[in-house]
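Trainee: Could you build the full structure based on these sequences and the hints that come with them?
So the sequence lines, in the order shown, correspond to chains S and P. Its first residue numbered 1, the first sequence is counted upward by one per residue in the working numbering. Its first residue numbered 1, the second sequence is counted upward by one per residue in the working numbering.
No lab work stands behind these hints, which were simulated from the structure alone. Please note that a few of the clues may not be correct.
With a cut-off of at most 25 Å between alpha-carbon atoms, the simulated PhoX-like pairs for lysine-lysine come out as follows [claimed, not checked]:
(1) Lys132/S with Lys642/P
(2) Lys682/P with Lys132/S
(3) Lys705/P with Lys56/S
A few chain P residues facing chain S, derived, Cβ under 7 Å [unchecked claim]:
(4) Pro13
(5) Ala15
(6) Val19
(7) Gly21
(8) Ala196
(9) Ile197
(10) Thr279
(11) Arg280
(12) Gly665
(13) Leu668
(14) Phe697
(15) Pro760
Keep in mind that this is a model prediction, so the values were computed, not measured. Every residue, glycine too, gets a C-beta built ideally from N, C-alpha and C.
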Amino acid sequence: MVEKISFTINGKPTTVEVDPGMVVLDVLREVLNLTGTKHGCDNSTCGTCTIVVNGKAVKSCNLPVKKIEGAEVMTVEGLAKGTELHPIQKAISESGAIQCGFCTPGIVMELYGLLEEKPDASQMEMENALNKHLCRCTGYEPIRDGALMAQKLIKERK
Amino acid sequence: MKFKYLGKSYNRPDAISKVTGKAIYLDDIRIPGMLHAAILRPEYAHAEIVKIDTTEAEKMPGVVKVVTGKGCTYHYGDNIKDLVPMAIDKVRYIGEPVAAVIADTLPNAEAALEKINVEYKPLPVYVDARDAMKKDAVLIHEENGKYWHLPTLKPTPGTNIAHTYHLKKGAGVDGFKDAEVIVEAEFNYPHGSCAAIETHGSIVWFKEDSTIEVWSSSICPFIIREDLANSYGIPVSDVRVRIPDIGGCFGYKSDITVEQTVAWIASFVPGYPVKWVATRKEDFTSSLIAHGIRSRMKIGARKDGKLVAIQNELLHSGGAYADTAVNITIAATHNSAGPYEFEHCDLTGYTVYTNTPAVGAYRGYGHQEAQIATERMMDLLARKLNMDPIKLREMNYLVEGKVNALDERMWKTHGDIMTCSNMVKEKVFSSEKPKDDENYYYGRGFAAAMKSPKGAPFSTKGCYMKLNNDGSVSVSMGGAEVGQGLRTVVRQVAAEALQIPPEKIRVYNEIDTQLSPYEWQTIGSMFTTQGGRAIIRAADKLIAVLKNTAAQVLKTDVDYLEYNGEFVFLRNDPDIRVAVADLSRGYITSDGITIGEYAHAVSDARLPRYSNPDENGQGSLGVNYTFGATAAEIRIEKKTGKIFVDKFTSVFDVGQIINPRQIRGSVLGGVTMAVGAALYEKLEFDEEGRIKNPHMFKYHIPTYKEAIPMDIEFIETPDAVGPFGARGIGEHSVIGPAPAIMNAIYDAVGIDFFEIPITPDVMKKALEARQEK
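Mentor: Shown next as structure tokens:
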């Protein structure tokens, strides 16, 4: 059973013909070849599969593809403009927040969902957002540093 | 010494590819014609396989082949060849491969898997070495003792003991006669998982020309290459292994883990690449697990606090296959003397077959499992002697001139544990601790740490560098970047060695056994030391090539030339010079005649004078120790028993800091992992050998809100082996946290713990039991 599902991906309209039972993560990775979004844990615990749907950060590993019909979907591949990094990417890549990098796309997209909508997000909101992500490498301190630096860069941009 | 490019926080060469989602990890690789495999796991942790029926599975949509272990005639392994790629007539742990489906898509493979019927005859299950060692225990491997193994290993045929290691120093156990005070206790460091965010995975492609191509999320491509060649009877050169970016390792992607199984599966469909990636559950149940070490330790001292003798017996529940566990047992055993000198040592470690997944490397590799006991024992002994526990340690540290359990003399270049210890004492213990209040008890605990190097007779690391015609340099090595920041180290060390700025040094991304220089495997915190030394040796050769060519250009003797990264010039007259870039392809004269040779160099470095253990279990490990000291400041919530680490302090003597931001990151991550082990993490087995918590939401690793405030400092006593005096630091930070926290708990509430994790439940029960007393 195959259905046509249409949505925009990183600003471009697209239509996929997939089994409607598929989860968005598999559609991104296996159908659209957007492998920047990672598969970490199978049950929406680790957060590395996080993408932004209609401005909100969501985990894509348990999100049925039908739910993104007509939606605006952003993945980590959609943030940089050529060699110009998004401020969140710049901050995260310079704060020491990256070691193995496997949790990074999810964290970048979590911050994108939060800070693009709410550049003045409170400390509590930042903590609640980042607490949805597991990182085994960094001890989180450099992720916090990167998130604060990203927030500063975004505020200065506006 | 002043360095130009060391001690500065250059950004990681892979930061941008990782933050843009463009770094390629194993599961991101797509190869034309690629098929997908799913693997069936048994219902029992120990059982005979009576019958496997694959007929229904073969009829399922998209299925190309259904594979079982039937017909497999080889065993494999690096230390003991006790492994099989797929169960043949018996399963020995709950995650063992029993059968596999190869299909066009993963969902089709997974659907067909459910149609395979297997009949088992269950056997008794042993999760704990104490049970597997009982006289009447059923043998997990009837063949124990008959498998090929390294000559240094000692299996006991007719038992479940895969290896016994014994170390004797001085008079051994007889040394206790000189002791005036003795303490004794039993400890347990239970099984855990590295739980990297990226699970294991491999792609194997048996090609029509009888060569094999492999991609894997592994840190030992050269071992995989040799092992597969050996199993399939082809030249080593016909196996090519490539390693993409790795999403975290922490140990369990070392040795051969999943590659032989995926190869066995792929061997049934020659011509087709087959991909298999572990689900999170499989990553817990079917890759290497960690620890599982019980120890019974006895320490004897004189009344003044001078240590005299140590005895330790370690029972290592090594899992269903002992190939990967044996060296951890050895490391845990000889490192159980910790950073202290004992005149007499009697240390015995048993690697025991049990019905759990095989135990393999985990960051720390035997050190935290052993030193949890040593560091708790120091506090217990100090209490008995009525002495300050840090003062007791100070009297016995392995400082310059002392001799460790392996009989290696400590030199100044092994680092300065006394200064580390004094710094932690000053930082943490020079003021009063907070007074208990309505909600919390407060405590502080100390733990020192020692990490030995990890080698093998052939454990070298290679480096290849070539100078390009604009003066930039390309460097290739076989070291696996797992996140630890190895590429940054390569770049900065090469820059320093060549006096060429890091911006002009391009470091390799992928490892490819066809193209990369040989490396044994990227383990044991040895890359900075050995890899860095290989870089310096290659750089020296490259500079010699440049000088040889320049001598012809400048018409002088080689030894009259100097090199500064930009030019080769006459010592007495720097104006007579030739640009390094102009020497890269040899020197092309104005008439086109080229003199000299292409400017490239290859070198390697191993641990100097590394040797196998002698009849006393002693020997040279290769002169590269790292010492440090740590302390935990904790708070225990009275109502819940929850332990909060308010601050964790670490001071290590790292010889020379290469990248301050990265080295702090390494310790931040290591301490966090170890606090996870101390407070939350444990693989739970039921009596049938099933893992009860094989998911991230059940196996709790530290989260963002549980991040620990840390005070991290380094001192720099240059090392004799490492590049520019640097030594390893990757694993060292995991050694101190558990015992420091346990010592802090005693300080807070007077309760002694001998086992981790100390969850709120465990703590609360202990507090209640104390009140009842």
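Trainee: Name the hints, by number, that the structure is in violation of.
Mentor: Of the numbered hints, 4, 15 do not hold.
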